[in-house]
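Chains as they are written, first to last, in my numbering: chain A, 1 to 244; chain B, 1 to 244.
By construction, these hints were calculated from the structure, which means they are not laboratory data.
Fair warning: there could be bad hints in the mix.
Stated by the list, open to error - Here are the simulated SDA-like pairs of lysine to any residue, each with C-alpha atoms no more than 20 Å apart in a straight line: (1) Lys137/A to Leu70/B; (2) Lys43/A to Gln12/A; (3) Lys38/B to Gly219/A; (4) Lys31/A to Glu195/B.
Stated by the list, open to error - Ranges of calculated distance between the beta carbons of each label pair, as one might list FRET restraints: (5) Glu128/A to Glu195/B: 32 to 40 Å; (6) Gln181/A to Ser3/B: 53 to 61 Å; (7) Gln181/B to Glu128/A: 37 to 45 Å; (8) Gln104/A to Arg11/B: 22 to 30 Å; (9) His94/A to Thr243/B: 26 to 34 Å; (10) Thr243/B to Lys43/A: 49 to 57 Å; (11) Asp62/A to Glu195/B: 24 to 32 Å; (12) His94/A to Pro81/B: 54 to 62 Å; (13) Gln218/A to Tyr167/B: 20 to 28 Å.
The beta-carbon is built from N, C-alpha and C at its ideal position, and this holds for glycine as well.
There are 2 protein chains.
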Amino acid sequence: MISKNQIKYIRQLEMKKFRKREKCFVAEGPKVVGDLMKQYQPKAVFATDEWNQGDKIPVTEDELRRISFLQNPQQVLAIFPIPECDSDIPHDIHQLSLALDGIQDPGNLGTIIRIADWFGIDTIYCSEDTADAYNPKAVQATMGSLAHVHIIYTDLLRLFNSLPPSYPIYGTLLDGDAIYQQSLSREGIIVMGNEGNGISDAVRQRVNRRLLIPSFHQGDRAESLNVAIATAITCSEFRRRDTQ
Amino acid sequence: MISKNQIKYIRQLEMKKFRKREKCFVAEGPKVVGDLMKQYQPKAVFATDEWNQGDKIPVTEDELRRISFLQNPQQVLAIFPIPECDSDIPHDIHQLSLALDGIQDPGNLGTIIRIADWFGIDTIYCSEDTADAYNPKAVQATMGSLAHVHIIYTDLLRLFNSLPPSYPIYGTLLDGDAIYQQSLSREGIIVMGNEGNGISDAVRQRVNRRLLIPSFHQGDRAESLNVAIATAITCSEFRRRDTQ
Numbered sequence: 001m002i003s004k005n006q007i008k009y010i011r012q013l014e015m016k017k018f019r020k021r022e023k024c025f026v027a028e029g030p031k032v033v034g035d036l037m038k039q040y041q042p043k044a045v046f047a048t049d050e051w052n053q054g055d056k057i058p059v060t061e062d063e064l065r066r067i068s069f070l071q072n073p074q075q076v077l078a079i080f081p082i083p084e085c086d087s088d089i090p091h092d093i094h095q096l097s098l099a100l101d102g103i104q105d106p107g108n109l110g111t112i113i114r115i116a117d118w119f120g121i122d123t124i125y126c127s128e129d130t131a132d133a134y135n136p137k138a139v140q141a142t143m144g145s146l147a148h149v150h151i152i153y154t155d156l157l158r159l160f161n162s163l164p165p166s167y168p169i170y171g172t173l174l175d176g177d178a179i180y181q182q183s184l185s186r187e188g189i190i191v192m193g194n195e196g197n198g199i200s201d202a203v204r205q206r207v208n209r210r211l212l213i214p215s216f217h218q219g220d221r222a223e224s225l226n227v228a229i230a231t232a233i234t235c236s237e238f239r240r241r242d243t244q
Numbered sequence: 001m002i003s004k005n006q007i008k009y010i011r012q013l014e015m016k017k018f019r020k021r022e023k024c025f026v027a028e029g030p031k032v033v034g035d036l037m038k039q040y041q042p043k044a045v046f047a048t049d050e051w052n053q054g055d056k057i058p059v060t061e062d063e064l065r066r067i068s069f070l071q072n073p074q075q076v077l078a079i080f081p082i083p084e085c086d087s088d089i090p091h092d093i094h095q096l097s098l099a100l101d102g103i104q105d106p107g108n109l110g111t112i113i114r115i116a117d118w119f120g121i122d123t124i125y126c127s128e129d130t131a132d133a134y135n136p137k138a139v140q141a142t143m144g145s146l147a148h149v150h151i152i153y154t155d156l157l158r159l160f161n162s163l164p165p166s167y168p169i170y171g172t173l174l175d176g177d178a179i180y181q182q183s184l185s186r187e188g189i190i191v192m193g194n195e196g197n198g199i200s201d202a203v204r205q206r207v208n209r210r211l212l213i214p215s216f217h218q219g220d221r222a223e224s225l226n227v228a229i230a231t232a233i234t235c236s237e238f239r240r241r242d243t244q
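Taking the hints into account, I'd like the entire structure generated from these sequences.
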């Protein structure tokens with residue numbers, strides 16, 4: 001049984017302002033909730049009889065539908081604390097990280113977090129104007145990978161200033177060099193830009209390794225790749241070099 | 001000015017049954033409509049004053065909102081004829097093609113069409129139980145690439161039966177060989193499977209080149225890649241070989 005106040009509270013967690021104040025977020029479904037529970041202690045778990053992986057507030061299918069952000073609610077909805085991420089922790093310069101410069105779509109952001117997890121990238125730096133990783137749509141798109149990747153919202157220029165001189169900062173740009181033939185380092189930061197406008201001017205000036213994903217279509221067309229797709233191809237290229 | 005009947009007609013085009021009967025589909029926004037208009041003659045174009053690329057039925061912002069399938073309608077909505085695709089045309093064995101085996105999500109399907117376009121793949125074979133490429137969500141996700149890629153709904157087993165013996169049929173499978181080290185041919189069919197279940201048993205038996213996209217995360221976790229992401233990485237690997 002779920003109270004009206006609980007329903008209201010959960011629904012409000014759709015809003016970033018509210019999530020920020022309450023320092024918690026919503027995750028749904030056995031896979032996503034299960035993965036997060038291995039890392040974080042949930043504040044509350046609302047689940048139908050089908051789900052039996054721990055303490056829960058039992059709800060009916062109908063009650064779950066009323067609190068869920070999904071079109072097809074899946075057994076369980078849980079509230080987790082937003083992990084504290086100290087943006088002052090120095091960047092581990094011996095690893096590969098991602099920096100997102102103004103990604104707007106929560107689905108793209110969640111998909112990128114899932115890609116990072118697959119390719120063993122532990123840290124994603126997000127510019128302050130990047131979508132919120134704890135938005136319900138982003139959380140679902142991560143498919144649980146939010147439990148394995150550190151998300152740090154920070155000023156990207158300040159981050160770059162903290163790095164050694166000539167530390168590799170990669171970006172995919174229209175005037176970059178075809179990624180397939182480039183030598184790619186095992187350490188560095190890969191910047192991915194906004195869906196419509198790409199990497200912002202100020203950040204672009206700090207990119208010192210300019211990459212391009214070449215297209216193979218015929219004719220002079222203005223096609224583009226979705227940013228999550230571009231991220232996947234880029235990360236795949238970096239990791240391929242490690243296997244050879 | 002738009003009539004009630006027009007509004008009703010357009011809204012009904014959200015349904016596959018209705019699209020099939022009327023042999024037409026809806027596309028929206030200057031980029032998608034513009035790209036399709038270069039290939040296909042629209043049956044009707046509804047557009048606000050902002051849009052001036054041809055004959056149109058003028059509509060107000062409010063009217064556009066009433067017919068649009070988008071959260072944020074963009075200037076123009078057009079109705080196009082569904083291109084006739086004869087599934088009996090023999091497969092061009094000298095090119096690389098995709099075969100989709102039960103892709104369910106229209107957004108994934110549209111994204112895959114966009115990826116195919118980028119990588120110069122002209123033909124996508126879809127199993128009959130794959131989502132409809134003319135679903136409004138799929139059309140939007142293609143970002144206009146629907147104008148450049150042939151979509152053929154067919155029985156995949158029948159397609160495979162029409163091919164020369166030992167013609168390369170690639171699939172990404174959990175027991176495949178890491179794609180980065182495989183030799184990949186310039187011709188062949190790449191099969192991508194259903195979001196939850198992968199490639200169906202019957203189709204899997206016909207895959208004669210088994211690939212795997214290796215993961216690089218630590219620990220024994222059951223992570224996965226979204227099917228559109230896996231398609232992008234796979235196509236990128238095939239085309240990379242052409243550039244070296």
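Here is how each hint holds up against the structure:
1. Between the alpha carbons of Lys137/A and Leu70/B the distance comes to roughly 17 Å, so the proposed pair stays at or under 20 Å and holds.
2. At roughly 16 Å between alpha-carbon atoms, Lys43/A and Gln12/A fall within 20 Å of each other, so this suggested pair holds.
3. Taking the CA atoms of Lys38/B and Gly219/A, the gap is about 13 Å. The hint holds against a cut of 20 Å.
4. Taken as a hint, the Lys31/A and Glu195/B pair is honoured in the structure, with Cα atoms around 14 Å apart against an allowance of 20 Å.
5. Remark: the range hint 32 to 40 Å for Glu128/A to Glu195/B is upheld by a beta-carbon distance near 33 Å.
6. Our hint of 53 to 61 Å for Gln181/A and Ser3/B holds, since their Cβ atoms are close to 57 Å apart.
7. Under the hint 37 to 45 Å, the C-beta atoms of Gln181/B and Glu128/A, about 41 Å apart, fit the expected range.
8. Gln104/A and Arg11/B have their C-beta atoms about 28 Å apart, which keeps the hinted 22 to 30 Å range intact.
9. A hinted range of 26 to 34 Å holds for the C-beta pair His94/A and Thr243/B, which are about 30 Å apart.
10. Look at Thr243/B against Lys43/A: about 51 Å separates their beta carbons, and that is inside 49 to 57 Å.
11. Checking the proposed 24 to 32 Å range against Asp62/A and Glu195/B shows it holds: the Cβ atoms sit about 27 Å from each other.
12. In this structure the supplied range 54 to 62 Å holds for His94/A paired with Pro81/B, their Cβ-Cβ distance being about 57 Å.
13. Distance hint check for Gln218/A and Tyr167/B: the Cβ-Cβ separation is about 24 Å, which falls inside the suggested range of 20 to 28 Å.
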